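Residue numbers (full-length UniProt numbering): 1 to 463.
None of these hints come from the bench; they were simulated from the model. Values in this document were obtained by computation on a predicted structure and should not be read as measured data. We put the beta carbon where it would ideally sit given N, CA and C, even for glycine. Any given hint might turn out to be false.
To be verified - Listed below are the simulated EDC-like cross-link pairs for lysine to aspartate or glutamate, each with C-alpha atoms no more than 16 Å apart in a straight line: (1) K447 - E423; (2) K449 - E403; (3) K449 - E462; (4) K449 - E423; (5) K75 - D96; (6) K130 - D163; (7) K204 - E147; (8) K223 - D163; (9) K223 - D193; (10) K438 - E403; (11) K447 - E462; (12) K438 - E423; (13) K447 - E403.
To be verified - Here are the computed distance ranges between Cβ atoms for each label pair: (14) A327 - S394: 37 to 43 Å; (15) S450 - P396: 18 to 24 Å; (16) E65 - P198: 43 to 49 Å; (17) L127 - G406: 49 to 55 Å; (18) R407 - A142: 44 to 50 Å.
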Amino acid sequence: MMTSDISSSHLLLAPRNRATHHHDSWANLSQTSANITAALSQQHTGTVAHQLSHGKLHEMSTPREFPLSFVRPWKELLLSRQREQLGDFPNHHARDPESLITTSAPQTLYVGTGHSIFTRGILPAILSAKFSVHFVTCYWAASPSLEAIRDTLLQLAASRIADGSAARNTLQVTIGFSSWGLFQKLFHTTSRDGKLYPPSQWAKLGLPDQRALTSGGIQLTVKSLFFTPLSVMHPKFVIIDGTSAFVPSCNVSWERWFEGCLALRGDLVQTLLAFHERVWGTGPGQSSVIEAGEGRDGGLPVQEGDSRTVDTANSDTAFLPEDETSAIRSLKIASTDDIPTILLPSSHHRNPRFSLFPFLSQSHLPMTPLNAALLTLFANARRQITILTPNVTSWPVLQALLEALGRGVDVQIRTNKRMMLIEQLVTAGTTTSWCLKKFVRQYQQLKDKSQPSDVEAPPKREG
Numbered sequence: 001m002m003t004s005d006i007s008s009s010h011l012l013l014a015p016r017n018r019a020t021h022h023h024d025s026w027a028n029l030s031q032t033s034a035n036i037t038a039a040l041s042q043q044h045t046g047t048v049a050h051q052l053s054h055g056k057l058h059e060m061s062t063p064r065e066f067p068l069s070f071v072r073p074w075k076e077l078l079l080s081r082q083r084e085q086l087g088d089f090p091n092h093h094a095r096d097p098e099s100l101i102t103t104s105a106p107q108t109l110y111v112g113t114g115h116s117i118f119t120r121g122i123l124p125a126i127l128s129a130k131f132s133v134h135f136v137t138c139y140w141a142a143s144p145s146l147e148a149i150r151d152t153l154l155q156l157a158a159s160r161i162a163d164g165s166a167a168r169n170t171l172q173v174t175i176g177f178s179s180w181g182l183f184q185k186l187f188h189t190t191s192r193d194g195k196l197y198p199p200s201q202w203a204k205l206g207l208p209d210q211r212a213l214t215s216g217g218i219q220l221t222v223k224s225l226f227f228t229p230l231s232v233m234h235p236k237f238v239i240i241d242g243t244s245a246f247v248p249s250c251n252v253s254w255e256r257w258f259e260g261c262l263a264l265r266g267d268l269v270q271t272l273l274a275f276h277e278r279v280w281g282t283g284p285g286q287s288s289v290i291e292a293g294e295g296r297d298g299g300l301p302v303q304e305g306d307s308r309t310v311d312t313a314n315s316d317t318a319f320l321p322e323d324e325t326s327a328i329r330s331l332k333i334a335s336t337d338d339i340p341t342i343l344l345p346s347s348h349h350r351n352p353r354f355s356l357f358p359f360l361s362q363s364h365l366p367m368t369p370l371n372a373a374l375l376t377l378f379a380n381a382r383r384q385i386t387i388l389t390p391n392v393t394s395w396p397v398l399q400a401l402l403e404a405l406g407r408g409v410d411v412q413i414r415t416n417k418r419m420m421l422i423e424q425l426v427t428a429g430t431t432t433s434w435c436l437k438k439f440v441r442q443y444q445q446l447k448d449k450s451q452p453s454d455v456e457a458p459p460k461r462e463g
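Construct the entire structure; sequences and hints are all you get.
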């Protein structure tokens, strides 16, 4: 089972339908640094740094079904707090959680730095676009990644002029982001319609000018969403021609973090398009969903010369790069089967008890589809939970992990005590280091309480 945290719209992908599999795989969790949660298991599954964990799989009765042991409590959690979700953005799922369930066909898994994921996967695919590109990220900053995006758009415009595409049809490109410096956030509109950036501001954003794009038949729309004082929209995804999607963990920024990205096709793309239109659409005239049927025969580009990409159909090992010390790798998923998939929005939810002092802002965990999924996975765990994340400041998550430890589940958390310190203090009023010290202290108390008073009695197993 593989989970990856990539965007404010996360994904949960069910294991493939195989015989005689075990419930425990739904407990084997690995979370990464951004905002899509995906769970994917294959017959030959290797370890992918922060995104891939392997184990036995749960048998499904049909290819479109998740185990009821997950779906039922997940839906019950959402419906039990339905009224709280009606003011969320987006909230289309509040009355019908099953509308988030779909299928997808994973194509390639990329890991590496953000820049490597853009240049090896996402940007080559954008160059193949015929009808539409919808690019959404959270942070937008001057960086090699931004320069590569600008160069790609210019190259795309030039190629459309050369092959005559510019004269035949208009290619719609939309860019959405949430954070672009301090002043942008201080003066940003609070409207859910967001802010549209006119062509005169594109240069400040590091984008090509309007003349260069329109000459190539490219129509660009740039929009930001931010909700004061501190609420960013965290999704990261790219949809190309309504038929393929990338869900990366990386921002458009200078950060050299270890990142992951899934390239997917299938019905999920339509679900993601509908999500994009609800959140990032700019009106009836800019609908992205109507483009979805075009270019359906197109495929994701394949970098045949990349020796670091391995086809799992011919290998028992997922990753066999020439340089085994490199963190820049990719995995081609050699299957055409559709996998049951859930889109898990982590919607904007205003804290009714918000205060400039975080310790006064305590409230119940908002029951978004993502939060409900994570809590359900933790509650279902039977053997092991593995988490990789840049910060651990959510006490409801740690409390759920303590409960799992009390059931004898092994819990592994891989994080960093020195990353995002200012952001943690501002948004959570605490840090990863402080939270983990408290977590370890409570775990030790849990172990001490579980020890039998009878010295001859067998010890109770804790995680």
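Hints versus structure:
no.	hint	in the structure
1	K447 - E423	violated (33 Å)
2	K449 - E403	holds (14 Å)
3	K449 - E462	holds (11 Å)
4	K449 - E423	violated (36 Å)
5	K75 - D96	holds (9 Å)
6	K130 - D163	holds (12 Å)
7	K204 - E147	holds (12 Å)
8	K223 - D163	violated (30 Å)
9	K223 - D193	holds (9 Å)
10	K438 - E403	holds (15 Å)
11	K447 - E462	holds (7 Å)
12	K438 - E423	violated (20 Å)
13	K447 - E403	holds (12 Å)
14	A327 - S394: 37 to 43 Å	violated (26 Å)
15	S450 - P396: 18 to 24 Å	holds (22 Å)
16	E65 - P198: 43 to 49 Å	holds (48 Å)
17	L127 - G406: 49 to 55 Å	holds (52 Å)
18	R407 - A142: 44 to 50 Å	holds (48 Å)
This entry does not satisfy hints 1, 4, 8, 12, 14, going by the numbered hints stated previously.
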